[in-house]
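Sequence lines, in order, name chains F and W.
Position one of the first sequence corresponds to residue 1 (the UniProt record's numbering), numbered consecutively onward.
Position one of the second sequence corresponds to residue 1 (the UniProt record's numbering), numbered consecutively onward.
Please keep in mind that the hints were generated in silico from the structure rather than gathered at the bench.
Positions of the beta carbon are idealized from the N, C-alpha and C atoms, including for glycine.
Certain hints may be false.
To list a few chain W residues with every Cβ distance to chain F over 10 Å, as calculated [what the hints assert, rightly or not]:
no.: 1; residue: Gly62
no.: 2; residue: Asp82
no.: 3; residue: Asn119
no.: 4; residue: Val203
Over the 12 Å line for every Cβ pair with chain W, so calculated as not near, a few chain F residues [what the hints assert, rightly or not]:
no.: 5; residue: Leu79
no.: 6; residue: Ala129
no.: 7; residue: Ala130
no.: 8; residue: Ala132
no.: 9; residue: Lys166
no.: 10; residue: Asp167
no.: 11; residue: Pro234
Only some residues are given here: those of chain F computed to face chain W with a beta carbon under 8 Å [stated by the list, open to error]:
no.: 12; residue: Arg72
no.: 13; residue: Asn92
no.: 14; residue: Met133
no.: 15; residue: Ala138
no.: 16; residue: Ile140
no.: 17; residue: Ser143
no.: 18; residue: Ser193
no.: 19; residue: Leu194
no.: 20; residue: Tyr209
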Amino acid sequence: MAALLAELPRLFTYYNIVFLLTSAGVTLALTVAGCVVGLAAGFVVAAMRRTRAAWLLPVRLVLILFAELFRRIPFIVTLFLVFFISQGAGYNLPLFVIALVAVCIIASAYLAEVFRAGFSSVPRLQIEAAEAMNFSAARILFSVIVPQAWRVVLPAAVAFMVSLVKDTALASQLGVIELTFAGKVLVTRGYSSLLVYGVVLVGYYLMSYPLGRFGAYLERRLSGRGHRPALPEPGAA
Amino acid sequence: MNYTFQFGEVLKHSPELMRASLTTLEIAFAAFWGGCLLGIAGAMGKVYGNKAVVLVVRIYVGFFTNTPSLIQIFVLFYALPDYGIMMSPLTASIIGLTLNAGAYLTEIMRAGVISVRRNEMEAAEALGMSGLQSFWYVILPHIARTIYAPLSNMFIWLVLGSSIAGLFGVSELTGTAIDIGASTFRTIEVFLIAGGIYVMLTVVASVTLYLVGLWCFRVRARIF
């Protein structure tokens with residue numbers, strides 16, 4: 001323990017701190033980009049799943065398959081698939097872009113499920129009433145479902161974002177220089193692995209914990225009285 | 001895209017992939033049951049323990065749910081040997097995943113424990129139910145309704161999460177896929193097949209869990 005503490009000042013040199021912070025920035029960039037794309041795509045997937053028109057059947061089928069499959073494949077396999085398929089197709093994409101694509105894919109698949117759960121939390125009777133009043137499908141979605149569903153969707157989406165922060169750690173296996181990879185580099189430079197990984201763990205904690213608290217706050221705030229708090233979800237894997 | 005798929009090269013290795021799927025399930029089962037024990041202990045500590053115990057459980061849950069399981073296993077596998085604690089990749093990943101699952105399961109089990117209300121126990125007693133009867137007819141239905149779905153989610157998550165072990169050289173599904181990809185250079189095919197096997201494993205697990213829930217606990221878990 002004393003040896004570890006003695007090593008601390010040697011680890012926290014100016015350049016190491018800058019290195020750790022920039023790589024934490026990459027982790028955050030992956031998370032935020034994944035969430036933004038995932039929210040948009042997840043909404044579209046969940047909305048398309050609600051359509052009933054016959055000519056949209058193939059689209060519906062593809063989207064359902066997409067959302068169900070990528071929630072049943074480990075993130076690391078998705079990551080490798082994106083990497084090798086892009087290589088096989090002859091694109092020489094930077095590793096960060098590959099990780100970004102993989103993160104966006106799983107975020108869309110998982111958030112589509114979050115949206116679906118939110119949409120189905122709206123009482124059926126209201127939708128039937130809107131249909132009886134000859135509301136169009138889009139109008140039902142935007143003036144009946146969304147205004148009520150977002151209270152359910154928002155906390156769950158934040159909870160997923162927390163799990164996404166941790167999942168981006170797997171991008172280090174591809175060689176993307178994010179927080180985990182920075183830890184590996186520092187260990188290779190000869191710093192004690194317990195100390196370095198301890199620092200990296202604290203880094204993840206600092207990113208994930210406030211977000212988790214924010215999600216719990218949103219949930220308390222948005223849901224009515226007598227609501228039982230949601231259980232923690234491990235999210236993607 | 002002028003890539004010719006050659007699944008034949010990979011299919012020659014299908015016995016290995018089958019064995020690897022079994023290892024994946026073994027890791028998931030080991031971590032699940034270990035995590036359940038930890039979770040029950042943690043939940044009991046959180047509900048009935050004194051302040052010190054509650055604090056310890058909170059730190060445990062907070063730490064393991066807010067940090068990546070990959071780095072937790074890094075610490076077990078790469079950092080602990082400096083202090084004389086050596087373990088095989090398989091042991092390290094099972095311990096890591098168990099600790100991780102235990103943290104989530106603590107919260108799940110806690111929800112189950114607090115879902116049983118004292119009044120109901122008293123009512124069961126007033127009806128003259130024996131201990132076993134009140135457990136079977138009063139406590140279990142409550143707990144099952146609250147925690148069965150999250151428990152089955154957790155198991156599915158562990159089937160997928162065991163893929164991390166492959167990164168440490170365990171020959172479970174992902175690890176074997178990496179090895180086969182390295183020896184045959186058919187990386188796209190092998191990961192497509194591995195992904196397909198994961199989908200099959202989790203669908204079978206979901207359906208089984210749904211049926212078990214329906215028949216044993218009268219709970220309707222979700223499949224899709």
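Which hint numbers does the structure go against, in order from smallest to largest? Result: hints 1, 2, 4, 5, 9, 10, 11, 13, 14, 15, 16 and 17 break, sorted rising.
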